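Asks: Here is what each chain is made of, one letter per residue.
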Amino acid sequence: MRAAARADATVASLHLKKEKKGGFYFLRRDWQLYALLLIPLTFVLIFKYAPMSGLMLAFKDYKVARGFWGSEWVGFEVFQQLFAKSDFGRAVRNTLMLNTLDLMFSFTMPIVLALLLNEIKGVVFKRVNQTLLYLPHFLSWVIIGAIAYQLLGEGSGMINNVIEQLGGNRIPFLQNDTNWLFSYIAIGVWQSMGWGTIIYLAAISGINPELYEAATVDGAGRLRKMWNVTLPSIRVTIVTLLILSLGHVMGGSFERVFALANKATTEYTTTIPVLVYRWGIEGGNFSRATALGLFQAIIGLILVLLADRIAKKLGEDGLI
Amino acid sequence: MVEKKEKLGIFQILNYSGFALFTLLCIFPFYYLFINTISNNDLSSRGLVLFYPIDVHFTNYMDVFKLPGLGLAAFVSLSRTVIGTALTVFASAFLGYLFTKNEMWGRKFWYRFLMISMYFNAGLIPWYLTMLNLGLVNNFLAYILPAIVSPFFIILVKTFIEATPISLQESAQIDGAGYVVIFAKIILPLSMPILATIAIFAAVGQWNSFTDTLFLVTDQKLFSLQFILYRYMNEATSLAQLMKQMSGSANMDLANMATPTSIRTTVSMVVVTPILLVYPFFQRFFVKGIMIGAVKG
Numbered sequence: 001m002r003a004a005a006r007a008d009a010t011v012a013s014l015h016l017k018k019e020k021k022g023g024f025y026f027l028r029r030d031w032q033l034y035a036l037l038l039i040p041l042t043f044v045l046i047f048k049y050a051p052m053s054g055l056m057l058a059f060k061d062y063k064v065a066r067g068f069w070g071s072e073w074v075g076f077e078v079f080q081q082l083f084a085k086s087d088f089g090r091a092v093r094n095t096l097m098l099n100t101l102d103l104m105f106s107f108t109m110p111i112v113l114a115l116l117l118n119e120i121k122g123v124v125f126k127r128v129n130q131t132l133l134y135l136p137h138f139l140s141w142v143i144i145g146a147i148a149y150q151l152l153g154e155g156s157g158m159i160n161n162v163i164e165q166l167g168g169n170r171i172p173f174l175q176n177d178t179n180w181l182f183s184y185i186a187i188g189v190w191q192s193m194g195w196g197t198i199i200y201l202a203a204i205s206g207i208n209p210e211l212y213e214a215a216t217v218d219g220a221g222r223l224r225k226m227w228n229v230t231l232p233s234i235r236v237t238i239v240t241l242l243i244l245s246l247g248h249v250m251g252g253s254f255e256r257v258f259a260l261a262n263k264a265t266t267e268y269t270t271t272i273p274v275l276v277y278r279w280g281i282e283g284g285n286f287s288r289a290t291a292l293g294l295f296q297a298i299i300g301l302i303l304v305l306l307a308d309r310i311a312k313k314l315g316e317d318g319l320i
Numbered sequence: 001m002v003e004k005k006e007k008l009g010i011f012q013i014l015n016y017s018g019f020a021l022f023t024l025l026c027i028f029p030f031y032y033l034f035i036n037t038i039s040n041n042d043l044s045s046r047g048l049v050l051f052y053p054i055d056v057h058f059t060n061y062m063d064v065f066k067l068p069g070l071g072l073a074a075f076v077s078l079s080r081t082v083i084g085t086a087l088t089v090f091a092s093a094f095l096g097y098l099f100t101k102n103e104m105w106g107r108k109f110w111y112r113f114l115m116i117s118m119y120f121n122a123g124l125i126p127w128y129l130t131m132l133n134l135g136l137v138n139n140f141l142a143y144i145l146p147a148i149v150s151p152f153f154i155i156l157v158k159t160f161i162e163a164t165p166i167s168l169q170e171s172a173q174i175d176g177a178g179y180v181v182i183f184a185k186i187i188l189p190l191s192m193p194i195l196a197t198i199a200i201f202a203a204v205g206q207w208n209s210f211t212d213t214l215f216l217v218t219d220q221k222l223f224s225l226q227f228i229l230y231r232y233m234n235e236a237t238s239l240a241q242l243m244k245q246m247s248g249s250a251n252m253d254l255a256n257m258a259t260p261t262s263i264r265t266t267v268s269m270v271v272v273t274p275i276l277l278v279y280p281f282f283q284r285f286f287v288k289g290i291m292i293g294a295v296k297g
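Residue numbers (the UniProt record's numbering), protein chains in the order written: chain B, 1 to 320; chain U, 1 to 297.
Calculated from the structure, these hints are not laboratory results.
Treat the hints with caution; some may be incorrect.
What the hints assert, rightly or not - Computed footprint of chain B on chain U, listed as stretches where at least three residues anywhere in the stretch have a Cβ under 8 Å from a Cβ of chain B: (1) 11-19; (2) 59-68; (3) 102-116; (4) 157-170.
What the hints assert, rightly or not - Simulated pairs of lysine-lysine, DSS-like, Cα-Cα distance not exceeding 30 Å: (5) B:LYS263 with U:LYS108; (6) U:LYS108 with U:LYS185; (7) U:LYS101 with U:LYS221; (8) U:LYS66 with B:LYS312; (9) B:LYS263 with U:LYS66; (10) B:LYS313 with B:LYS225; (11) B:LYS121 with B:LYS225; (12) U:LYS221 with U:LYS66.
Unchecked claim - Part of the chain U face toward chain B, derived, beta carbon under 7 Å: (13) LEU129; (14) LEU132; (15) THR273; (16) GLN283.
None of these values were measured; they are calculated from a predicted model.
Even for Gly, the Cβ is constructed at its ideal location relative to N, Cα and C.
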């Protein structure tokens, strides 16, 4: 007991000493600087932290006339209503389906591309390729949507014009539910495949060249080296990115679905972020939309933590 | 031995041609859009312009700027890009510099305060209500203010400055320079490469931003170019009729008259051109920038 108190006192005095040398002395000397720091930190407080209090709406029956504080607390009633909605089930199904498919293709494609790019020895060819492959990443989904409809549209899309001139029938790439799903995934792969390679290429460039030399001495061919040297060396990067992207399985991009959707294909375009927008901003049902958003965030967090746990069980480093 | 060489050859040929194809896939859409905007509008709308332009003309670009709201939207997008980028870059540079100072009061706390906000957000509706309460619905400042302080950019600058020799700052300090002078005279010129990277990301982000207009703006005077493009994609037919009425019977030249296709392609091109134009210059910056972020963040 006494020892603990003494230790506390020592810590406190140490702390004070440190404080005298550092903190307050500089605080007094450079108070103008800290005043300047106050502005951006206030911004963070207002735009990032203040909205968090709004999450209370998920547990209130929000009425505009009564205001935020005047609205009644209803416990989990909003969630009960939410889970009973038929749109909710559909949105969860679509969100999981779109994002799982996206994970299968958009996540693996950059790894494959990075491995193959690494095999290209022509420096100029490689650089030109990389530069152009990164380009789609810098376009907004609205632009990509506009381009997609001009190329893949049923009525006047370029691909269909070519198919017709070759004697085939026009295919509704984007105007049929199942086809839309495939187009959505393919366009996503197109947009992200180049950009995704950057981090893997960096990881690959950090591999010890002696490993390759040893493999060559052992008689390993090109594919063998890819499989037994390159892939294991970038495994940590892959696992880390995989865990992070699992958090998006329950969410995903609002813009991507919104910009690629059209009135003819509504089966798969109701995802959770879209439903939040429709219920909240279009419909004005703030409580239910907030509850849906909160549900999405919590499931996303659980998924990341779960994936992290599993990765650790499997002997990987994990995130946390 | 001979067999092995043969195998390598086939692999390389496949690999090279595969990448050539991928690259083509990434640029052909823009080429296709472009040739359709400068070709005979009648042929273009019938889907006959596929691989090369026919009857080149540039009237489409004059015509789309007669569309209601397009000129103003271009001005709004340009303003938010310039103002937003300048403020974001300055704030990121200054904060990134401050956070390298160990003697800063409560540095760790403030830094965490900033970083946590990167991983947690309250979601769309609470954010929307906050913006509503702050009077930022239907307000140009909604495009600028929330983007000024960006934790990711601040990490980039901080990491970059920490990698530069501290002796430069120390010698300036001995000469009596304060933090502001050191920031202006030493840090700013020194960190130009990373600031260029940030400027690019911020500018592209501002130019491409669509959802903030969708969520927060109903006033037509504040529509961004992206938002206008989205609307035109869905109502180009009625716009083409409007254009026909506007030009009246004076311009009966069928070949160059505005069609839904010409409006869609030309507006898309107007929105995408700035990115395509600056892309070749900025691409050398961003890979380096993103790697600095990846190492730390």
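Asks: Would you mind marking each hint as holding or not holding in the structure?
Replies: Against the structure, the hints:
Check result for the stretch 11-19 of chain U against chain B: holds, 6 residues qualifying (beta carbon to beta carbon below 8 Å, three or more required). Interface restraint, the stretch 59-68 of chain U with chain B: violated (0 residues with C-beta to C-beta distance below 8 Å; minimum three). Evaluation of the coverage hint for the stretch 102-116 of chain U: fulfilled, as 8 residues show C-beta separations to chain B shorter than 8 Å, against a requirement of three. Counting residues of the stretch 157-170 of chain U whose C-beta lies closer than 8 Å to any C-beta of chain B gives 0; at least three are required, and the coverage claim is violated.
Among the hinted pairs, B:LYS263 with U:LYS108 is inconsistent with the structure: their alpha-carbon atoms are about 50 Å apart, more than 30 Å. A C-alpha spacing of about 26 Å is found between U:LYS108 and U:LYS185, which places the hinted pair at or below 30 Å, so the restraint holds. Proposed proximity of U:LYS101 and U:LYS221 is contradicted: the alpha carbons are some 44 Å apart, above 30 Å. Distance hint between U:LYS66 and B:LYS312 is unfulfilled; the C-alpha atoms sit about 60 Å from each other, more than 30 Å.
Restraint check: the Cα-Cα separation between B:LYS263 and U:LYS66 comes to about 28 Å, which is no more than 30 Å; the hinted pair holds. Annotation: proposed proximity of B:LYS313 to B:LYS225 holds, straight-line Cα distance about 27 Å (limit 30 Å). A threshold of 30 Å between alpha carbons decides the hint, and for B:LYS121 with B:LYS225 the separation of about 16 Å falls inside it, so the pair holds. Proposed proximity of U:LYS221 and U:LYS66 is supported: the alpha carbons are some 15 Å apart, at most 30 Å.
Taking 7 Å as the C-beta cut-off, the interface hint given for U:LEU129 holds, the closest approach to chain B being about 5 Å. Below 7 Å, beta-carbon pairs count as interface contacts, and U:LEU132 has none with chain B, the closest being about 10 Å; its hint is therefore violated. Interface restraint check for U:THR273: the shortest CB-CB distance to chain B comes to about 11 Å, outside 7 Å, so the restraint is violated. Because the closest C-beta pair between U:GLN283 and chain B is about 5 Å apart, less than 7 Å, the hint holds.
Violated hints for the displayed structure, listed by number in ascending order: 2, 4, 5, 7, 8, 14 and 15.
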